[in-house]
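Colleague: Listed below are the residues making up each chain.
There are 2 protein chains.
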Amino acid sequence: MIVVKIGGGSGIGIDQTVADLTDILGTGRKVVLVHGASGETNLLAERLGKPPRFVTSVSGLESRYTDRETLAIFEMAYCGKGNKALVEAFQMRGVNAVGLSGLDGRIFEGKRKETITIVEGGKRKVLRGDYTGKVERVNLGLVTLLLDHGYLPVLCPPAVSYEGEAVNVDGDTAAAMLAAALKAVDFLILSNVPGLLRDLRDPDSVVARIPAKAINEFLPLAQGRMKRKLMAAAIALEGGVGRVILATANTDRPVTSALQGRGTVIAKNEIAG
Amino acid sequence: MIVVKIGGGSGIGIDQTVADLTDILGTGRKVVLVHGASGETNLLAERLGKPPRFVTSVSGLESRYTDRETLAIFEMAYCGKGNKALVEAFQMRGVNAVGLSGLDGRIFEGKRKETITIVEGGKRKVLRGDYTGKVERVNLGLVTLLLDHGYLPVLCPPAVSYEGEAVNVDGDTAAAMLAAALKAVDFLILSNVPGLLRDLRDPDSVVARIPAKAINEFLPLAQGRMKRKLMAAAIALEGGVGRVILATANTDRPVTSALQGRGTVIAKNEIAG
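Note that the protein sequences, when read in sequence, are chains A and B.
Each number in this note's numbering corresponds to the 1-based position in the first sequence with 69 added.
Each number in this note's numbering corresponds to the 1-based position in the second sequence with 69 added.
Only chain A is shown next, with the shape it has when bound in the complex (with noise of 0.2 Å):
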């Protein structure tokens, strides 16, 4: 069992790893596949005259401030747009795909957040109405019922509320309970950087090998996004994954190369690619 996610900022093709992935779903290894939709949500969002607000919480982990317009922008461009292409780019290659939120079947279930405290110029402040939330449960019914009878799940963000509220939440995260749910040997997380980078200006500065228990000596190289990864990739080693593997989506054959050691190799045994 393989979870593969492939990240939805701007410059991340997904024709490679698609490519990919059918090769490797012919050899009889089964795949779930999480994608996000940033890069889309907010070209979306600007084009329609609701630009995204990004803001930073009291822990320092930067969201993107989902009132209930921004939540059907962001569902037309996770579930519309991501979903359908994917979905489309598989079922082109024969592959029988299912694209699927986390609202569907409550795949991803967890807490709303409706209230959120942020850091704004220094200052705390407290933003309500908000969408977004933390995944706490994966409900695996209808994703080992796909798996079972030979669909390819690709999922994405949202997720449900307890109440049934669809909720913006991180998709690294939510992939990586996912694969935890699932005790996949491999999750990899693809994006538009070759790993972990020691030096962000240099892509041949990637970390190859990281120790699990080694993982939180690491965070202060990751900026940005990368930080979000490597506490999903904690996640999904705590929940028992063999090896989380950061790595790039825009290379020949990315999932198979990153299952080979390419990109930033996380395991509990140091276990080499």
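Take every hint as true, because none was put in to throw you off.
Using 25 Å as the maximum straight-line C-alpha spacing, the simulated SDA-like pairs for lysine to any residue come out as follows:
{"no.": "1", "chain 1": "A", "residue 1": "Lys-119", "chain 2": "B", "residue 2": "Pro-121"}
{"no.": "2", "chain 1": "A", "residue 1": "Lys-182", "chain 2": "B", "residue 2": "Ala-158"}
{"no.": "3", "chain 1": "B", "residue 1": "Lys-99", "chain 2": "A", "residue 2": "Asp-217"}
{"no.": "4", "chain 1": "B", "residue 1": "Lys-296", "chain 2": "B", "residue 2": "Glu-189"}
{"no.": "5", "chain 1": "B", "residue 1": "Lys-182", "chain 2": "A", "residue 2": "Val-164"}
{"no.": "6", "chain 1": "B", "residue 1": "Lys-119", "chain 2": "A", "residue 2": "Glu-138"}
{"no.": "7", "chain 1": "A", "residue 1": "Lys-180", "chain 2": "B", "residue 2": "Ala-158"}
{"no.": "8", "chain 1": "A", "residue 1": "Lys-119", "chain 2": "B", "residue 2": "Gly-108"}
{"no.": "9", "chain 1": "B", "residue 1": "Lys-203", "chain 2": "A", "residue 2": "Val-164"}
{"no.": "10", "chain 1": "A", "residue 1": "Lys-180", "chain 2": "B", "residue 2": "Met-161"}
{"no.": "11", "chain 1": "A", "residue 1": "Lys-182", "chain 2": "A", "residue 2": "Pro-120"}
{"no.": "12", "chain 1": "A", "residue 1": "Lys-180", "chain 2": "B", "residue 2": "Val-164"}
{"no.": "13", "chain 1": "B", "residue 1": "Lys-180", "chain 2": "B", "residue 2": "Thr-125"}
{"no.": "14", "chain 1": "A", "residue 1": "Lys-203", "chain 2": "A", "residue 2": "Phe-123"}
{"no.": "15", "chain 1": "B", "residue 1": "Lys-182", "chain 2": "A", "residue 2": "Met-161"}
Computed footprint of chain A on chain B, listed as stretches where at least three residues anywhere in the stretch have a Cβ under 8 Å from a Cβ of chain A:
{"no.": "16", "segment": "139-146"}
{"no.": "17", "segment": "161-167"}
{"no.": "18", "segment": "213-224"}
If you only want the chain A side, here are some residues facing chain B, beta carbon under 7 Å, derived:
{"no.": "19", "residue": "Arg-116"}
{"no.": "20", "residue": "Leu-117"}
{"no.": "21", "residue": "Ala-141"}
{"no.": "22", "residue": "Met-145"}
{"no.": "23", "residue": "Cys-148"}
{"no.": "24", "residue": "Gly-149"}
{"no.": "25", "residue": "Lys-150"}
{"no.": "26", "residue": "Lys-153"}
{"no.": "27", "residue": "Glu-157"}
{"no.": "28", "residue": "Met-161"}
{"no.": "29", "residue": "Leu-172"}
{"no.": "30", "residue": "Asp-173"}
{"no.": "31", "residue": "Val-229"}
{"no.": "32", "residue": "Ala-235"}
Calculated from the structure, these hints are not laboratory results.
Think of the CB as a built atom: it goes at the ideal place given N, C-alpha and C, for glycine as much as any other residue.
Assemble chain B onto chain A, guided by the hints.
Modeller: Just chain B now, kept in the frame of chain A:
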């Protein structure tokens, strides 16, 4: 088994249908819901500076010209906004809904008509690069799997072409094909009109009963979208559906009241409601 199609034209509310179906599901009846989102698609297209273009085929049917950009807008409105709003509304009422397009699991399959011949200003014109098509096959595998495991399938266009591409198809026809494939007892087409009207300006002029074999005689009464609905009714009845009912979604308990015979009831043996 009931198949309900709820239109997506502007002015059609979903709340009453969702509440009513929640009660009906509670009685143990099996339901599949199909929905449109044409109003939302038009709105989004306008807001994105890509206004909809409706064309009339040589056979007199109106359709949305769907180039690649329009297809993405269509998917955002249907699979993103419309579908997830319904799934969320059901989840908030405790119904475990699963939202899917015809691409997912190849539920609605058909032929892409890349080239269409239209009539514009009295002249014939050939348009290329169109992503519209016609549902020719319903693959029940995924729908049956969901029903057997207690999920409520919430379906919408696009369909999938034989080559795997997303194609814009008429939702009423897709729902009719599905109702026929499922041998549904009842197939309801809910919209913002109370049924087939003898006089469009008079909502009390609903044609109450139509014998299946007489549908063609009523086609001249049908304007615009209603023509497609009558044709969809014919497809469903020919496919073995017991009863087709055209009724309004904008009333208290729209499904229950339609099942009790409100609206236009079309049936083989002129069964009363």
